[in-house]
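Undergrad: Given next are the chains, with one letter for each unit.
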Amino acid sequence: MQRVKIRKLFIDFEAEEKWLNQKSAQGLQLIYYCFPTYVFTKGQPGEYIYRIELLDNLIGHPESQAYIEFLADTGVEFLASHVRWAYFRKKAVEGPFELYSDAASKITHYKRIITLTGVFCIINGFWAVNAFTRHLPGLTVVGLGNLTVMILTLSIILRSLRKIQSLKKEQALNE
Amino acid sequence: MSTTNTNPGALTEAVFYILLSLLQPLHGYGIMQFVKEISQGRVELGPGTLYGALNTMLERGWIEYLPSADRKKEYIITARGRTVLADELDRLRELLRNGEELIGGQTRAASKDSQTLY
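Residue numbers (my numbering), protein chains in the order written: chain A, 1 to 175; chain B, 1001 to 1118.
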């Protein structure tokens, strides 16, 4: 089976998921991921639907293992993990694939994302300030890098908060 | 109507249908299929949502694990779960009764001399 390896970095998991599904539409099906390399095989366009989820615990944790096993029973294939991030796919012929079908569970997931992203945002903010106040030429570049990450993570947090707000509005009327 | 109120509020559609499906032992996939069929495709449970709901119901003692022949875990409703279902049916009957009394037989194609209610 022909394999294609692509190295790419993502900060935004929704952009990452979109990219994986775009690749699938092009005929490249993700079969494995080990930071920062994505491994694809050449298959039917749109054969699989891909989803990325942030779990509560690390992959090895019994809770995560129980969840992955449960998902497997419903036809969801676990491909790879990166810390608490899990990569799943399901055959498109079996129908639409969404892990969460109601507002409450979607909100819980977004809150988890915000917490993790928040940590990275604050750390990078701290490093940026640290780099800029040292007045060393090399560090200024690093500091700009940190600032960039901080801004990107902040935009992810804001977007997630907006999504939570609209989901809560939905909850006010329907469940 | 039961005297003890094991659940103060309304159940979500998903939870109601999950409890209904577990009047018989089922595993994850079985529950998803059952709910999809009984709702004629209207209610489709996401596996992540289902997993969370099952864990909450397990915590509250509305359902329990059942040892099954194959490795897959099966779930089944408990006595408390049945009470919750019965209470929920009472609540739904109340809603239905009041709704039909006030709107009655009026369907979406409302009568010509009255405004459509929605």
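It should be emphasised that the hints constitute simulated quantities derived from the structure, not laboratory data. For glycine and all other residues, C-beta sits at the position ideal for the given N, C-alpha and C. Be aware that a few hints might be false.
[As the list claims (entries may be wrong)] Just a few of them, taken from the derived set where beta-carbon distance is under 10 Å, the chain A residues facing chain B:
1) Ile31
2) Cys34
3) Pro36
4) Thr37
5) Arg51
6) Phe70
7) Asp73
8) Val76
9) Ala80
10) Phe97
11) Glu98
12) Ser101
13) Thr108
14) His109
[What the hints assert, rightly or not] Residues from chain A shown here face chain B by an in silico Cβ test under 10 Å; the list is partial:
15) Leu99
16) Tyr100
17) Glu170
18) Ala172
[Unchecked claim] Beyond 12 Å from chain B on every Cβ pair, some chain A residues (computed):
19) Trp19
20) Arg84
21) Lys90
22) Asn130
23) Gln165
Undergrad: Indicate, hint by hint, whether the structure satisfies it.
TA: Taking the hints in turn, this is what the structure says about them:
1. Ile31: 20 Å, violated
2. Cys34: 24 Å, violated
3. Pro36: Pro36(A) check fails; min Cβ-Cβ to chain B is 26 Å, beyond 10 Å.
4. Thr37: 26 Å, violated
5. Arg51: 9 Å, holds
6. Phe70: Nearest chain B Cβ about 5 Å off; hint holds.
7. Asp73: Constraint on Asp73(A) satisfied, holds at 5 Å.
8. Val76: 6 Å, holds
9. Ala80: At about 18 Å, which exceeds the 10 Å cut-off, the nearest Cβ of chain B leaves the hint on Ala80(A) violated.
10. Phe97: 9 Å, holds
11. Glu98: Holds - the Cβ of Glu98(A) comes within 10 Å of chain B, reaching about 5 Å at its closest.
12. Ser101: Since chain B brings a Cβ to about 4 Å from Ser101(A), closer than 10 Å, the hint holds.
13. Thr108: 7 Å, holds
14. His109: This interface hint holds because 8 Å falls under the 10 Å limit.
15. Leu99: 3 Å, holds
16. Tyr100: Nearest chain B Cβ about 5 Å off; hint holds.
17. Glu170: 13 Å, violated
18. Ala172: Ala172(A) check fails; min Cβ-Cβ to chain B is 14 Å, beyond 10 Å.
19. Trp19: Check passes; 21 Å lies beyond 12 Å.
20. Arg84: Check passes; 14 Å lies beyond 12 Å.
21. Lys90: At about 9 Å from chain B, Lys90(A) fails to clear the 12 Å cut-off, so the statement is violated.
22. Asn130: 39 Å, holds
23. Gln165: 20 Å, holds
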